[in-house]
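Asks: Sequence:
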Amino acid sequence: ATSPFIDPVTKEKIKFVDKGNKEKERAMMEERFHMEEMEECVGGRVPGLIYDIAKYEVSCRQYDVDCQVELDAMEASMKAESTKMNGNAVAEDASKTVTIEASG
1 ATSPFIDPVT
11 KEKIKFVDKG
21 NKEKERAMME
31 ERFHMEEMEE
41 CVGGRVPGLI
51 YDIAKYEVSC
61 RQYDVDCQVE
71 LDAMEASMKA
81 ESTKMNGNAV
91 AEDASKTVTI
101 EASG
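Position one of the sequence shown corresponds to residue 1 (the working numbering), numbered consecutively onward.
Bear in mind the hints are in silico, worked out from the structure with no lab data behind them.
Bear in mind that the values here come from a model prediction, so they are computed numbers and not experimental data.
A few of these clues could be false.
[Said to hold, decoys possible] Derived BS3-like pairs (lysine-lysine); straight-line CA-CA distance at most 27 Å: (1) K22 to K11; (2) K11 to K24; (3) K13 to K24.
[Unchecked claim] Taking CB as the label site, the calculated pair distances span: (4) Y63 to R32: 29 to 39 Å; (5) V42 to D72: 35 to 45 Å; (6) R45 to K84: 57 to 67 Å; (7) V42 to M85: 49 to 59 Å; (8) S82 to V46: 50 to 60 Å; (9) K11 to F33: 12 to 22 Å; (10) A54 to N86: 46 to 56 Å; (11) I50 to N21: 21 to 31 Å; (12) A76 to S3: 55 to 65 Å.
No residue lacks a Cβ here, since even glycine has one placed at the ideal position from N, Cα and C.
Please work from the sequences and hints to get the whole structure.
Replies: Structure, rendered in structure tokens:
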């Protein structure tokens, strides 16, 4: 029912699984996926639900911490480089001799 709305090139890349024919469904799925790595709820061989929100939350929070550490290090490095560049500019200015002529 959706095929009239799908671009012909895209349609050629999509394989619709016939839910009414279990043998054909299994064959099509096994042809395209590693069923030993797929969960049972989608026709695979892995029992139960693998996704654990608590574990995912922990990994996301650790990723946030790791990113913040990296950003802080980058910021410190940029500040140090900026200070170094500003210090060199002041030193260069101090080494220049300025002559002012009095008029009058």
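Asks: Next step is simple, just say for each hint if it's right about the structure.
Replies: Hint by hint, here is what the structure shows:
1. K22 to K11: Judged against 27 Å, a Cα distance of about 23 Å means the pair holds.
2. K11 to K24: Roughly 19 Å between the alpha carbons, so the hint for K11 and K24 holds.
3. K13 to K24: holds, 18 Å
4. Y63 to R32: 29 to 39 Å: With Cβ atoms ~30 Å apart, the hint holds.
5. V42 to D72: 35 to 45 Å: holds, 41 Å
6. R45 to K84: 57 to 67 Å: holds, 59 Å
7. V42 to M85: 49 to 59 Å: Holds, since V42 and M85 (Cβ atoms, about 57 Å apart) stay within the stated range.
8. S82 to V46: 50 to 60 Å: Holds, at about 52 Å.
9. K11 to F33: 12 to 22 Å: holds, 20 Å
10. A54 to N86: 46 to 56 Å: holds, 48 Å
11. I50 to N21: 21 to 31 Å: holds, 27 Å
12. A76 to S3: 55 to 65 Å: holds, 56 Å
Going through the hint list in order, the structure satisfies each hint without exception.
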